[in-house]
Each structure stands twice: as structure tokens, then as C-alpha cells.
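K.L.:
As you go down the protein sequences, you meet chains A and B in turn. Under full-length UniProt numbering, the letters of the first sequence match residues 1 to 253, in that order. Under full-length UniProt numbering, the letters of the second sequence match residues 1 to 253, in that order.
The set of hints was computed from the structure by calculation and includes no laboratory data. All C-beta atoms, glycine included, are put in the ideal place defined by N, C-alpha and C.
Pulled from the structure, derived: some chain B residues nowhere near chain A, Cβ distances all over 12 Å:
no.	residue
1	Asp-113
2	Ser-150
3	Glu-153
4	Leu-208
Cross-link-like lysine to any residue pairs, in silico, SDA-like; alpha carbons within 20 Å at most:
no.	chain 1	residue 1	chain 2	residue 2
5	A	Lys-70	B	Glu-62
6	B	Lys-70	A	Ala-57
7	B	Lys-70	A	Pro-59
8	A	Lys-70	B	Glu-53
9	A	Lys-70	B	Leu-63
10	A	Lys-143	B	Leu-118
11	B	Lys-70	A	Asp-51
12	B	Lys-70	B	Glu-193
13	B	Lys-143	A	Gln-123
14	B	Lys-70	A	Leu-88
15	A	Lys-143	B	Ala-142
16	A	Lys-143	B	His-119
17	A	Lys-70	B	Pro-59
18	B	Lys-245	B	Ala-235
19	B	Lys-112	B	Ser-127
Number of protein chains: 2
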Amino acid sequence: MCQLLGMNCNTPTDVVFSFTGFAERGGRTDHHADGWGIAFFEGRGLRHFVDHEPACASPVAELIRHYPIKSKNVISHIRKATQGVVALENCHPFVRELWGRYWVFAHNGDLKDFHPRLHAAFQPVGSTDSERAFCWIMQEMAKSHAGVPSVAELTITLRELAARVASHGTFNFMLSNGQALWAHASTHLHYVERKHPFADAQLADEDLHIDFARTTTPDDRVAVVVTAPLTTNEAWTAFAPGELKVFVDGRAV
Amino acid sequence: MCQLLGMNCNTPTDVVFSFTGFAERGGRTDHHADGWGIAFFEGRGLRHFVDHEPACASPVAELIRHYPIKSKNVISHIRKATQGVVALENCHPFVRELWGRYWVFAHNGDLKDFHPRLHAAFQPVGSTDSERAFCWIMQEMAKSHAGVPSVAELTITLRELAARVASHGTFNFMLSNGQALWAHASTHLHYVERKHPFADAQLADEDLHIDFARTTTPDDRVAVVVTAPLTTNEAWTAFAPGELKVFVDGRAV
Numbered sequence: 001m002c003q004l005l006g007m008n009c010n011t012p013t014d015v016v017f018s019f020t021g022f023a024e025r026g027g028r029t030d031h032h033a034d035g036w037g038i039a040f041f042e043g044r045g046l047r048h049f050v051d052h053e054p055a056c057a058s059p060v061a062e063l064i065r066h067y068p069i070k071s072k073n074v075i076s077h078i079r080k081a082t083q084g085v086v087a088l089e090n091c092h093p094f095v096r097e098l099w100g101r102y103w104v105f106a107h108n109g110d111l112k113d114f115h116p117r118l119h120a121a122f123q124p125v126g127s128t129d130s131e132r133a134f135c136w137i138m139q140e141m142a143k144s145h146a147g148v149p150s151v152a153e154l155t156i157t158l159r160e161l162a163a164r165v166a167s168h169g170t171f172n173f174m175l176s177n178g179q180a181l182w183a184h185a186s187t188h189l190h191y192v193e194r195k196h197p198f199a200d201a202q203l204a205d206e207d208l209h210i211d212f213a214r215t216t217t218p219d220d221r222v223a224v225v226v227t228a229p230l231t232t233n234e235a236w237t238a239f240a241p242g243e244l245k246v247f248v249d250g251r252a253v
Numbered sequence: 001m002c003q004l005l006g007m008n009c010n011t012p013t014d015v016v017f018s019f020t021g022f023a024e025r026g027g028r029t030d031h032h033a034d035g036w037g038i039a040f041f042e043g044r045g046l047r048h049f050v051d052h053e054p055a056c057a058s059p060v061a062e063l064i065r066h067y068p069i070k071s072k073n074v075i076s077h078i079r080k081a082t083q084g085v086v087a088l089e090n091c092h093p094f095v096r097e098l099w100g101r102y103w104v105f106a107h108n109g110d111l112k113d114f115h116p117r118l119h120a121a122f123q124p125v126g127s128t129d130s131e132r133a134f135c136w137i138m139q140e141m142a143k144s145h146a147g148v149p150s151v152a153e154l155t156i157t158l159r160e161l162a163a164r165v166a167s168h169g170t171f172n173f174m175l176s177n178g179q180a181l182w183a184h185a186s187t188h189l190h191y192v193e194r195k196h197p198f199a200d201a202q203l204a205d206e207d208l209h210i211d212f213a214r215t216t217t218p219d220d221r222v223a224v225v226v227t228a229p230l231t232t233n234e235a236w237t238a239f240a241p242g243e244l245k246v247f248v249d250g251r252a253v
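One chain only, chain A, in its complex shape:
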């Protein structure tokens, strides 16, 4: 199994604090040492980093921990291989383009007997069940809409598609096109919404805390979604099994 981290904000925000705790789980405080990845939207553009070294030891992860890339939509993943060898092409998140937009996807879980017919423009490069599921979702999205649908319309489509994939096993996933963050839980997913008045937060995985009030303005809103809560003193909400939520401008819609 793997771990997922997503962030959705109303103003470009750096993910350094959350990523620092999350990356510790990539080989140090937890055993997800088979690679990692992170994708940051900047408007329509995308920065995408993947590495098959453990996140806790990767020079690229070191860069992310110290270079505050600001983004309104971030998806990160640390991998414990269940299907597919440890290789760069099997590291999440995966990226495809559809309707002139990049789409980023990461998955935690394990799908059994999931071999859908991929007859369209999206084919997996690696050998994971996760990338196969992503390609199928992109294919079905492309069939359901002629262009980028509204967030509400796409949420309806994704709810149907997620349920079909989830019938094959555990399907916790995150998806973003830079406008919203969709998150679906089969088992473990938690979120917190940070907003004014901002408080102090203590990382669960490292002896580090931050006073968000010092780095934010009263209008800022940030939603963080993660496999297991990252901080010990915030109110995290667990997803219900089978629940798909969409986050826009730092809040659950």
C-alpha cells in the first residue's frame, strides 16, 4: 500500500510543512520506500517530480523540502510496491493531457482482476494497476464530455467511474486538473480545512511545528487531504468508505 497527500488552496501556498512530515513516511517513520512523486499546478502549467529512491533520502525530495514552490493544487504519493516493479515509470503521480489540460492522478490500494479495454488514446507506460485505472478513467471522461466540464458535472461522472473501479479492490485516489482536487476513499483518507483564525500545528512524523497565523492572511483557505493525519493537534475528518469529495478554493464543496 502507499500513502497519498493532496493540497487545494484559494491562493498559491507552499506545501513544505506538510510534505516534510509526509516524506518522512517514505522510508523513515513508515515503510513506503519504493519511490515517490509530487505534482504542482501553476495555472495551467505543471511541475512533476518522480523518483524511485525513498522520499526520505532523495535529493529531489530535499529540493522540494527547501524550495517553496507555491501552488493551488498539489498531489503527492509515496509508494510501497504491490503491483509493478520499482521503476521510474511506476512512480505516481501519473500525468496525461485531455481537452488541453494536464490531469494528475495518484492511487493508494490494490485492484484485483482489473483489465478494462483501453481502446482509446490513453495507454499505460508502466505496469501498475494504478496507471491502468487512470487511463481507463481518462478514456471514460473523454467519452462522457466533449470538453472540460464544470467541476459539478465532472464530480458526477467521477463518482460513477470510481465506484466501478472500486468494485475491483481498494481504490483511494486523488485527481486534479489545476482547478479542483477530487479525492475518493475506499479505506483510509482524512482531510482538514485550514482557515482564519489560523493556529499552531504540530507534525506527527517529525519534531516540527508551525504557526500558520504568521505565514497566512485572513482570506487564505487551505484543504489538506492525506492517508493518515499529518498533525497531532488539528481536527481531521475521515472519509466514509466509498466517498468522493471535491475541493475547490481550499474547501470541500
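Here the structure of chain A is known, so what remains is to put chain B in place on it, guided by the hints.
P.N.:
Here is chain B on its own, set in the frame of chain A:
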């Protein structure tokens, strides 16, 4: 106009030496300061870095200069914006997936009145003539072949497609799927093949030289393709106008 750098090798090789000289042109020894990017294949997998800061000042470029990522196929680009604003989505190289392979493309030049009908699965995310040309090439490749063709077959297809785009202006480009490096020149492109016996090389853009004999084995072969020669003491060959060359395992085929 922009500058291009490509490397194709028979064994995974780091691009630190060539990139160090090349990145200096991104704002220091030359005026290509509107962003940059680099993509490294590792097998079927891909590392893709883009930044809209000048390459000579970018923290991500600093990482690349010091972290010897080894690859058999690399494409890099430093940008001087002619069409499209300075934004992350307009930084080359661009990436798309086709036939279960990633394809990486970078362009130097300027295309006039190039608005082909993009009716298939490849749509530009940004606003450059370059990404439009890439999407059209991917579309036409997908129409010409049912799956990944041989290098020789694809070279024939690309020669036809490149000539059609080049009728709209300057179309120096590089393309790779991790198996080969295709390079097409309208105006400026040069290459060198490094092989045994390896010699000393002196960078043109920085006071740095390297003795390749110390870091290579007699079987290594490396081809480097670039807009303007990177070293002052090697025999660079200029492309003829309209020439498309393909490099496999470190040599021009």
C-alpha cells in the same frame, strides 16, 4: 529564439558537463532567460523538469548541475519567448503519451500562420506555436502507425511531417521516446559523437574542462546535439538546412 540540447548514449550517462555550459546561456552568457526545461528518460520512465525562472538562476537547474541523473536520452531547452507569454505551461520540453510510451519534444524557431486542425487526442495546454506543432506531429504519427513503429519507419514519417511544418518557418526540433533521439534543423543545429579514445573537452561558456577518458569505458558512445557548439576543442558537425537525423546508441544512424 531559443536553444536546444539533446544527448543520446549507448549507456546511461550524466549530462552535468554539457548542461552546465548550456544553462549559462539561460541568462548569463546569452539572453535566453524566459524559462527552461529538461527531460531524462530512464527506461520507459521519464523525469521532467520545467521552470520559468532563468536557467542560470533556477534552484531546479542547480539541482540538475549537481545531481548526476544518468540517462540514455535527454532533451533540454532554454527559452527566449517569441510566441506565448512567460509561463510554466509554455516551457519546453513538452511531454505526451502515445502507444504506451512518453514522447518528449522541444523546438527552437518561429512558425508563421501555423494553425493545423487538431481533431484528435492531442491538444496544447499553453499558447506556443511549438506545442501546437508537437500536438500536430503526435496526431499525424498516431494516424500513420498502429503502434510504436521501428526507428527507421518513424524516421521516414517524421521527415515528411517536419518538412510540412518547416514550410511555416524555422523548425529546429528534437524528439525522443527513450529509444532514439530525432533532431531536425531548419537553421542552427550541431552534433558531436564522443567515443573511444575519449579526450579532454573545454566548455565554451564557462571555464570548465573535463577529461572524458576518466569517466568512461572504451565501449561508451555519446552523441550530443546542440544549437551552437558547447566546447571549443571538439569537431562539431553542422546540420544541413532541412536535415533530419536520428541518433541511436550514441551514433547518427
